[in-house]
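Each chain, letter by letter, is given below.
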Amino acid sequence: MNAVLALIALATVAAAAAAMAGRNLLHCVLMLAVSWAGVAAFFLWAGAEFVAFAQLLIYLGAISMAVLFAVLLTGRSREDLAADRVPARRALYAVLAAAAVGAVLLAAVAATPLAVVPAPVPSVSVRQLGLLLMGPHCAALLAVGVLLTVALIGAVVLAAGERPEKPGPAP
Amino acid sequence: MSAPAQDSALERAPVLVRDWLTGFLPGQARWAANSLLDIIAILAVFGLLFAFLTLAERKILGRVQNRPGPNRTGWFGLLQPFADGIKMLTKEDIVPRAADPVLHFLAPVALLAFSILTFAVIPYGRDLVPVDLDAAVLYFFAASSGAELAVFMAGWASHNKYSLLASMRALAQLISYELPLLLSFVPVALATGTLSASGIVAAQSGWKWDLVPRWLVFTPWGAVAFAVFMVSALAESNRSPFDLPEAESELIAGHLTEYSGFKYALFFMAEYFGMCALSGMAVTLFLGGWQAPVAALEFIPSYAWFAAKLLALLLGFIWVRATLPRLRVDQLTRLAWKFLVPVALVNLGTAAFWSLSAPWEGPLQLLRWAVALALAAVPALLLGRGLSGDLGPRTYRYA
Numbered sequence: 001m002n003a004v005l006a007l008i009a010l011a012t013v014a015a016a017a018a019a020m021a022g023r024n025l026l027h028c029v030l031m032l033a034v035s036w037a038g039v040a041a042f043f044l045w046a047g048a049e050f051v052a053f054a055q056l057l058i059y060l061g062a063i064s065m066a067v068l069f070a071v072l073l074t075g076r077s078r079e080d081l082a083a084d085r086v087p088a089r090r091a092l093y094a095v096l097a098a099a100a101v102g103a104v105l106l107a108a109v110a111a112t113p114l115a116v117v118p119a120p121v122p123s124v125s126v127r128q129l130g131l132l133l134m135g136p137h138c139a140a141l142l143a144v145g146v147l148l149t150v151a152l153i154g155a156v157v158l159a160a161g162e163r164p165e166k167p168g169p170a171p
Numbered sequence: 001m002s003a004p005a006q007d008s009a010l011e012r013a014p015v016l017v018r019d020w021l022t023g024f025l026p027g028q029a030r031w032a033a034n035s036l037l038d039i040i041a042i043l044a045v046f047g048l049l050f051a052f053l054t055l056a057e058r059k060i061l062g063r064v065q066n067r068p069g070p071n072r073t074g075w076f077g078l079l080q081p082f083a084d085g086i087k088m089l090t091k092e093d094i095v096p097r098a099a100d101p102v103l104h105f106l107a108p109v110a111l112l113a114f115s116i117l118t119f120a121v122i123p124y125g126r127d128l129v130p131v132d133l134d135a136a137v138l139y140f141f142a143a144s145s146g147a148e149l150a151v152f153m154a155g156w157a158s159h160n161k162y163s164l165l166a167s168m169r170a171l172a173q174l175i176s177y178e179l180p181l182l183l184s185f186v187p188v189a190l191a192t193g194t195l196s197a198s199g200i201v202a203a204q205s206g207w208k209w210d211l212v213p214r215w216l217v218f219t220p221w222g223a224v225a226f227a228v229f230m231v232s233a234l235a236e237s238n239r240s241p242f243d244l245p246e247a248e249s250e251l252i253a254g255h256l257t258e259y260s261g262f263k264y265a266l267f268f269m270a271e272y273f274g275m276c277a278l279s280g281m282a283v284t285l286f287l288g289g290w291q292a293p294v295a296a297l298e299f300i301p302s303y304a305w306f307a308a309k310l311l312a313l314l315l316g317f318i319w320v321r322a323t324l325p326r327l328r329v330d331q332l333t334r335l336a337w338k339f340l341v342p343v344a345l346v347n348l349g350t351a352a353f354w355s356l357s358a359p360w361e362g363p364l365q366l367l368r369w370a371v372a373l374a375l376a377a378v379p380a381l382l383l384g385r386g387l388s389g390d391l392g393p394r395t396y397r398y399a
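Line order of the protein sequences matches chains E and F.
Okay, so the first sequence: first residue is 1 according to this note's numbering, each after it adds one.
Okay, so the second sequence: first residue is 1 according to this note's numbering, each after it adds one.
It cannot be assumed that every hint is accurate.
DEER-style ranges, computed between Cβ atoms [stated by the list, open to error]: (1) 127(E) x 384(F): 34 to 44 Å; (2) 33(F) x 95(E): 49 to 59 Å; (3) 60(F) x 21(E): 48 to 58 Å; (4) 112(E) x 262(F): 46 to 56 Å; (5) 345(F) x 127(E): 22 to 32 Å; (6) 151(E) x 17(F): 51 to 61 Å; (7) 17(F) x 102(E): 52 to 62 Å; (8) 297(F) x 70(E): 51 to 61 Å; (9) 7(E) x 17(F): 54 to 64 Å.
Hints were generated in silico from the structure; no laboratory data involved.
Quick reminder that beta carbons are idealized off the backbone N, C-alpha and C, glycines included.
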């Protein structure tokens, strides 16, 4: 089982690394999508079926589309999609920031007492998940719903813009 | 229902054949062999269905247009699909010089792979569920959402203005219609309380007054949800009247412009597979899956019922193609956002009312039906009237 996890982790990290190192923005986006699929595979491996499929549906189906549209609508030409080589200074800052975040994460992981004995895999059905979400965690669900609705209305307002004068009857 | 129906030799035949083939293998190997057999069976059945569906489509379109259709290859043109296959295989595969070769190759492969993935969770019969997942319907929609990425890859990798524009148009269509497709499924989850495909089929078993099957399509909200689902399925599988992504007669075949030979055939295959999978899902969600419509006909094996319902829906798809002209792109998105999405949302309320009023009895039943029918029909009628106000027949003045 651990070999499978190692394979999934390797593929996910490799795809993410390729997404960061790539010169062509479109290829980077597609590699990012592969890495999201890798995360979904990890959820599947861990037995979280529902989360895995939700991850695929939301990230591969929706967010990758949003990123692709953003890339295509902001770039002026195909040549614009080729990213410039990163200057050494900026690369250094990036490494420093990554090291800082990594150190914080490592410290957090090291300070957390983890169960050494493998815990029994909890089998949660979609039904239980739904009842939990609609029952004890209803407030969180509602808050997320309100947030998404606000985002949706904001997007509509942004996209609608000014309404042009009503044109006369078509000639 | 009755024990003999479940145990009849015909009903058990596929399982018996599988056990006879793999029974001698030990635990893990047997599981792997069974899975492999499932995959081979799905690919063979749907591959052949695809081949003969293209023939049936051409024949039926021909008859509708008062011409014979293909009738030269084999008996009644029965060998036509194989001739087409050989033609596609031997055609030259052209990759434009400026194209992105990897993505250009990967796009049809990814599209076909995603559309085949969706076949895994459909219950084809009482004992014929390839993978019985707890979140099967979610899996189905997750797998079919990968198609959008593949369409984009095809358009972008071709390095052709028309392809890119067309793939953007196709994406707008796919994303718009994914919403009503998912929303029309939500009331089903609400009523059955499960996301498992076999659970949804089981929830539709039995007959009311021993006569009317308890299929979800026979409830007021189920009928509306089924209609919304089928319209969205037409659009999601790029079928006429929503075939703007391809539209070879006026939009130069869209994102398929730079594809030829077998890659083009793969796109074609993916379209038909998607159509079959969505129809199979519609049968599972609304038409009672593999259940027989009448108790007396239960001796016919369940997979035959599933096949009959699936074929009926597919013939409906072909009939629609023969009947309706193509929509304009603004009409297309307008239909999705201004009509289907609100209707599906209201329908969610109707389904909630229906399941809350389930314990009502006697004359209250009549009230229940009246309220639910009104909730189902009135918003759709009002919306339809309101939206078609300025869409009446146009008057053209010629010079």
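Going through the hints against the structure:
1. 127(E) x 384(F): 34 to 44 Å: For residue 127(E) and residue 384(F) the Cβ distance comes to about 37 Å; the hint holds.
2. 33(F) x 95(E): 49 to 59 Å: With a Cβ separation near 50 Å, residue 33(F) and residue 95(E) satisfy 49 to 59 Å, so the hint holds.
3. 60(F) x 21(E): 48 to 58 Å: For residue 21(E) against residue 60(F), whose Cβ atoms are near 53 Å apart, the range 48 to 58 Å holds.
4. 112(E) x 262(F): 46 to 56 Å: Holds - the Cβ-Cβ distance for residue 112(E) and residue 262(F), about 54 Å, lies within 46 to 56 Å.
5. 345(F) x 127(E): 22 to 32 Å: Given a distance of about 24 Å, which is inside 22 to 32 Å, the answer is holds.
6. 151(E) x 17(F): 51 to 61 Å: Check passed, 53 Å falls within 51 to 61 Å.
7. 17(F) x 102(E): 52 to 62 Å: holds, 56 Å
8. 297(F) x 70(E): 51 to 61 Å: holds, 55 Å
9. 7(E) x 17(F): 54 to 64 Å: violated, 34 Å
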